[in-house]
Structures are given as C-alpha cells and as structure tokens.
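These are the residues of each chain, in order.
2 protein chains.
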Amino acid sequence: MNVIPNRAVERSQLLKGVLDLAVLAVLAEQDAYGYDVVRKLRSHGLNDVAEASVYGTLRRLFATGYLSSYVVPSEEGPHRKYYGMTAVGREWLVEQQKQWVDFRNVIDAIIKTKEEGAPGV
Amino acid sequence: MNVIPNRAVERSQLLKGVLDLAVLAVLAEQDAYGYDVVRKLRSHGLNDVAEASVYGTLRRLFATGYLSSYVVPSEEGPHRKYYGMTAVGREWLVEQQKQWVDFRNVIDAIIKTKEEGAPGV
DNA sequence: GGATAGTACTATATAAAGTGTAGTACCGCA
DNA sequence: TGCGGTACTACACTTTATATAGTACTATCC
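Residue numbers (the working numbering), protein chains in the order written: chain P, 122 to 242; chain A, 122 to 242.
Among these hints, one or two may not hold up.
Heads up, the list lumps identical chains together, so a pair's fine if it works in one copy or across two of them.
[Stated by the list, open to error] Derived pair list, reagent style SDA-like, types lysine to any residue, alpha-carbon separation capped at 25 Å:
1. Lys202 to Phe224
2. Lys219 to Ala184
3. Lys137 to Trp213
4. Lys137 to Asp169
Keep in mind the hints are simulated off the structure, nothing from the lab.
Model the full structure from these sequences, guided by the hints.
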C-alpha cells in the first residue's frame, strides 16, 4: 500500500501559526505588497509557500490591526497593495518572536531527549 | 464577538505538524500509553497540550503504520493502551527531525533578518 | 492584432489537525 | 455514596494553509 503522504500538505502544517511571524518579520524591515512578500519569503527558504496563504495572512493581520495598508498604482502591472506595521503589530511581533523561541527550544529539547536521556535545556 | 485571541488556540497552531514529531520522540525512548505520553510532553515544556490532541495523534500515527499497539491491564485504574515504534515509524522520525531542523533554521533566519538586514543563509 | 506570460490581487471551497466537551469506566479514599 | 485521579473514545468546532478559479493590467512574441 502506498502510504506516501503529500509533501506540500505535510510541510504546510509546520507553517501554521508561524507564517504570521514570518510575514511580520519581513514587513518589519520595510513596507511591502503581497506579491513581494511572497517572493521574499521564498528567497528566505520558504520555497513552497502558497500565494493564497500569504495574501490570506496579510488580510488577517490587517483585519486584526497589526498592519496598515495603502494602494500604490504600478506602471508595470496592476496596482500594488502595500502593507506596513502598526504599533500594535510591532508589539505583537516581539511577543510572537519570544513565543517562537520558547517553543522551538522545547521541541528541540524533546527531540534530543531520545539521544541522550538527560535533557540539558 | 470578542476580538481577544484565544491564547490556547493561538499557541496550538504552532503545534501543528510538530506534535507528531514530539510524540514519536517520546516513544522512541520507550513504549508508553497515551496518558503517560501527555504527562511526559507536559513535563518537557508542552504544558498546555490537550489530551485529545495526543490521543488523536497516537491513533493517527498508529493508523499510518508508524506505531504498533498493545493493551496492558492496570491494577490502579483502567487498561492502558501502549504504543511502540515500528521500523517505518523510526525512519519517519529521522526524516521528520531533519525537516524540523531545516524549517526552524529558515524561520530563525527570517526573524533575525530584520535585526541585521544582511541575510547569511 | 491576438495570444501568451508575468504581475498582482480576490474569493471560495477543501483539508488537516489541535482543542473542547461529553461520555464511559475503573480504582481508591473519606 | 460520592468524589477525584486515571485512561480512553467520539464528535463538533475552529483556525489556517492550500488549491483553484477568476479579474485585470502590462509587455512581448508570432
């Protein structure tokens, strides 16, 4: 029987909850529009992130108040919807970063436990 | 409706896709039953992981063939359903560990980018 | 000039997985 | 007898990444 799991779907689970953080981190550098955020994330190693995921995340973060938005007409294509961080967004980013670091340390510790048996933290 | 995001739900998103890995890592040390896996995960820092999540994960991993199972009667309570790794499960664990390390490196790089501006990669 | 590709965004349906909640059942203790 | 801890199952709910389709503008190639 073929138990080969779908790679894209499988990996996409890892992104859950972290895509917000990644998008915010990109926007913390400088304002950007959706299509550009996608390219930046991919160039950073998130090769398979779907466009719909990024656009959806941007809309969600905007709706929550973490991002502001403005439209800039482009001469090389359709208009671009830029997003920028709000003050609340920056606070949330910092908090999310901490949570990520804590979380990844916990996971790292758990998967190392089996090699040694003595968790060093 | 309340706009305050539910902490538990928020954090739970981070667990998506990683709980499999955590559970397998615990079981790689030694066979264990569900309730025990929950306690071990919590003692490792996953304080708020829900029982239903672990039981569900165990059933899923068992159904996929990564875990074997046997029931042991207990004298201090109801029966215990022990789970142990299969050969395929061990292979998958190794692969998942690699994927996790890659993934967390990418995320770490992205959230650090904004501090320096020079991505090392 | 029309077809095509790249850019840029929106909207909807789907699927995966963690959680909440309720329920079953066994044990020991006050 | 009832309560708390142990141990598991089942179902509905929620969030979120993805697939897919569609709109629309620009530039390029035949």
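Measure nothing new, just compare the shortest in-copy and cross-copy C-alpha distances for lysine 137 and tryptophan 213 to 25 Å and report within, between, both or neither. Both, since 17 Å and 21 Å are each at most 25 Å.
From the Cα coordinates, with 25 Å as the cut-off, is the pair lysine 219 and alanine 184 best called within, between, both, or neither? Answer is within: at 23 Å inside a copy they meet the 25 Å cutoff, but 35 Å across does not.
Is it within a copy, between copies, both, or neither that the alpha carbon of lysine 137 lies no farther than 25 Å from that of aspartate 169? Both: 14 Å inside a copy, 17 Å across copies.
Indicate which option fits the pair lysine 202, phenylalanine 224 if close means a Cα-Cα distance not exceeding 25 Å: within, between, both or neither. neither (32 Å within a copy, 28 Å between copies)
In summary, the one numbered hint that this structure violates is 1.
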